[in-house]
Amino acid sequence: MIQEIIAFTILGFAVGFLIKKFFWKSKKKNDCGDGNCGCS
Amino acid sequence: MSVQNINVALIGNPNTGKTSVFNQLTGLNQQVGNYPGITVEKKMGFCKLPHNIKANILDLPGTYSLNASSMDESVVIELLLNKNDKLYPDVAVVVTDVENLKRNLLIYTQIKDLEIPTILVINMSDRMERKGITLDIPYLEEKLKTKIALVSSRKGLGIDELKELIVSYKNITNEPCLNASVIDPEYFEKLQHAFPNQLMYKLWLVITQDVNFSNLDRNEVRNTFTKSHSELKRLQQKETVKRYQFINDVLKKGLKVDASMAKDIRAKLDRVLTHKIWGYAIFFAILFLIFQSIFSWSTIPMDFIDNTFASLSSWVAEELPSGILTDLLSQGIIPGIGGVIIFIPQIAFLFLFISILEESGYMSRVVFLMDKIMRRFGLSGKSVVPLISGTACAIPAIMATRNIENWKERLITILVTPFTTCSARLPVYAIIISLVIPSKRVFGVLNVQGLTLMALYVLGFFAAILSAYILNKVLKLESKTYFVVEMPSYKLPLFKNVGINVVEKTKAFIVGAGKIILAISIILWFLASYGPGKDFNEAETIVKERFANTTLTETQFENEVASQKLENSYIGLMGRAIEPVIQPLGYDWKIGIALISSFAAREVFVGTLATIYSVGDTDNESTIKSKMQAEVRPETGGKVFNFATGISLLLFYAFAMQCASTLAITKKETNSWKWPAMQLGFMSALAYLTALIAYQILK
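Residue numbers (my numbering), protein chains in the order written: chain Y, 1 to 40; chain S, 1 to 699.
With the rest of the complex left out, here is chain S (with noise of 0.2 Å):
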């Protein structure tokens, strides 16, 4: 028997748990990945139904209604008008909050006014006795002319229910629950007229909304049954009090809260964690704790890591056939890979907390504290969530700007989100701090080197408002601001979805930055070990003509042949033209080739560094930190890696742009080079300065 496959379409007002909901549907039978063109996250599943059917699940963004004011939104409509794509829904699954019901049942029933079989899922129904909340199923089901699947994505229940229902799709009615033409007859009849064949809601969102359709022309339905703007409006407004009229009807019978039984303390809760000064007290208090964890926790895992990498160099570099393939395998390739999985531990731990606060609805509550002092600084308070899911990766955080309704508040908030501490910048701060930072406890329990990560990203968040602060007031932008944010309930963050959540971003980065890293550490593997003219192919000669007088061992005769041969390599004569430039900041030409392999992803700064002091290293068993540790400069004798050079380059990695996607999406998203150009220029010139003046203060 063949497997029937059915395309299915979770929708909903975000924070109703439809992730959750497709979590639960598809396991970790999960794809996430882009849409043509556009850079809104598609995340596709599958789950195997009865009856033999394959159930294609796809979790659009959330949306609040099918009026678009943004890019997710258009998404939507796009998909829903379109019975040619694809992914077009066979049934819709429209995921809503039991305690926000009316809110969520908008959606709801614009996607039945499209003729799409469409199930309701009431969410979070486990809360309905704690809140005092009954429904009456069989009522609302009538009345919104669907089936119910009652279910609690949290705690599993009523998923197989959901599941008989898709399976069963094909029972639900299509007919619309209420009539929306009533808002304007005369013109809905005349339009259905024109064109007889096209559903009359499908018609209207070609009207009112800009977004792209399948088999319409467009200009024709607009030029014919156009309205002026404030006309229009002034219908969708009629059309929206029109639905939370029917809505309001369907609820009074179909929905019962009963006040004196609900044991709540969101409100007392909410209260504590909004407070104007114990909210930013708790607020600080989580972010300490974090940093204090990522340390100390994950310091086990990664000398286990970098042991076991360092082993395997020699392992290769002692069994395999002495030769070119071994040398790139066990100087180049196992050292570059190792300089990105080292950094797992900490990068799991960072987005473990990361998401148990965003689960847990705390996230929220952040963002509807920071708005406040957001505003001085000419952000606003949505801008705090770019700034947090920055601490991941600039990428999306700017790609997350989209919901800041106001340009210049958007545009500011996309210029100084790189300054956040992006995961890229862990490894870089991670190796330097365990290099410069002693790790001892001060009071007995704070983690010196911990302190100093949180330090870190507390100046890059700094850097971010400050620089927030000059754009405000240097462009001149008008453009009128609001600031309306969701409120989910407190819940306890479901483990499957933390869970999932970190491994994929712990999974994108080190697929992501690993194979960037991977390639650059071959070729810089290869620009090591070849260069032009007499003092590279004569390096043996020329130690031995320099120390005809001196007695050398074999070893050190060989690292001092490595160390003649690397320094006129490809890479050291590039390394050595920039010298001049880098030196006042306390580098090396060795780092110096890491600031330019590492514009392209700072992450490739350790792989680079593990690399070119891998390159003729005869001991293969040294990890990247103690190789790093042990490097000296030749004039004076001391530890490159010292205290002054150390701080310089946390400063200059905290401010510089050293991240070649993030100005390419700048310009995506601002539809010019000016703003990527003017990012670039300000933040090397700060991370320049304060590299050097720290340099030159503490050498």
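Chain Y extracted, bound-state conformation (with noise of 0.2 Å):
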């Protein structure tokens, strides 16, 4: 039983793993610093 929850758990890290890795998009950054830099 312990084996079985572990082997899934593992499986669902797995599946996580490559679904942020291919599917998600991170949030793009523009570090232009305080006050009006001009970046659109």
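Hint data in this document are derived by calculation from the structure and do not stem from the laboratory.
Quantities reported herein were computed from a predicted structural model and do not represent experimental measurements.
Heads up, the beta-carbon is just placed ideally off N, CA and C, and yes, glycines get one too.
27 Å max Cα-Cα, derived DSSO-like pairs, lysine-lysine:
id	chain 1	residue 1	chain 2	residue 2
1	Y	Lys21	S	Lys674
2	S	Lys515	Y	Lys20
3	S	Lys507	Y	Lys21
Simulated coverage check for chain Y against chain S, where a stretch passes if three residues somewhere in it have a Cβ under 8 Å from a Cβ of chain S:
id	region
4	3-12
5	16-22
Could you fit the two chains together into a complex? Lean on the hints.
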């Protein structure tokens, strides 16, 4: 039973990792500092 | 006493030894990443200095001036103008090459105008005697209004003096070394009057450059003070001429070159290495030696790794309590990781040779040599750099096309670069070559497996330039072209730089690809260990019924059950669904699964086969290679990996676009899905057709 729980948890991590790697879009950051920097 | 952190930016032209200085300062305390939102490489490291100071060293991309013509150069300008950036330097260190001081000082004078404390590093000082160069350091320091460190980053000379200058950077004057506003005094006076709190040179960059700036309303400055495009260009040219006049005047007295003292072999070497016949002969001889060595030298460590992982699988299966987790470890995770680790020796050797060629200055001669040929195929000499660096990975190689000024040449280079044999193809080639090409020597010295590997690399290169030729004819894009290449001096490769490069590139492959391969191996194991319906769940009963009249040993029975289960598992069903499409290429459904999973990344191919062949395998001690070698076709009893299938697979992987990340970067660099879609369609069709023809002829 414990082996099954660990094995399926590992499977969950593996699936989650691949989804994050190939389908998750990270937000772009524009590090312009304070004030009106003129970047769009 | 608390630690004082200071930011140090290393700036300079390409090929000035900036990265060597960075390596000397930071050792292995380095981190490589990307600038936010863009894919320009950011190298950071730290260095502990006297008086409890910790210097955060930023190795900025090589740039010739603060007039941005590429994304790399924009990164430098944006950082130097944004005081709110957390990486904004407390002190700038401009690295120059003693042999190219005149050209290298242009950017130095521009940075001085930004009133950042600036140290001038004159690198490669160990060559001064050989080249007959003498420098009047006090005079140069006075005229350039800075402190100078005479450094030989290759020999580690002058690094301690540089560290001392960094510690006492507050003693360096911020005063510019020349007055650039004399190019149009009236215009600059008005500009300064309108924005009295801003630096004049910063305002000038706002007007002339298309980069992001902090705390400045670009539109306001531009609307009020803009001139016509041609007028701005004329002023920029005047500014550059003014700066070079100043540099010439300073160097006239500060630098002396006595040609009679020079013992230069550069010209002699260049004559041979860029010769229209000998140049190519030497280049191909070097490539030939590299691929022979990759195969010959890496056999012993690869066999060792393969056997170690096989023994580990066996040990885990025997020692851990039986159950699903033990099976996952011994049949899924360990063979999956082994499928990546095994290729460390070959990848490390490949990067070792490429680093040596780059470090020695030979690669620039190759760029020059190839320009004439490349131009006939619609490419530029500069396309050689992406095509060669594509042997590591197509992703940075496609990013490296940014220094190709002509859009059509750049687009064609982006589209054909994935044909270059990348390190992800190497594991696939290596395992298949070792299975289907005999390990014998011709003429006593030439390893046939090494020759095959070289042939595949050459094939990839020719596929790239022939595709470029077609694209050049098909694409209706017009733009002007010119070719400028830096010819650095020849140097003995520095062991430290080569070593760091090999470690970083190999680590990037193993860590980057390894995580994906591990995750896919785990999922594959589950898909291969579970299945729907009676055919899977009642496998033992079905086998018993099938062999009711035959006596099977216990091992034979277990193998038959494992085979029945695998065939009817989820992955088995998926593989069988695509079998009709891949059967004409000589592949069975198991190879089909590896083809599907390796679409994410080619290197997953071997790991996938290692996992599939391990599921239900009672002999955990077998290596990946021996498992593949033992695989037979049930219908004929012949080997799955025979010569025809092997060649078909090699050709398929030579041409197929099996890399989701490369498609993503092509989309990013071309800003359109049209080009990656075309790339995928063309490469897949070519791969299928060549593999089909090869198999049908050879079977």
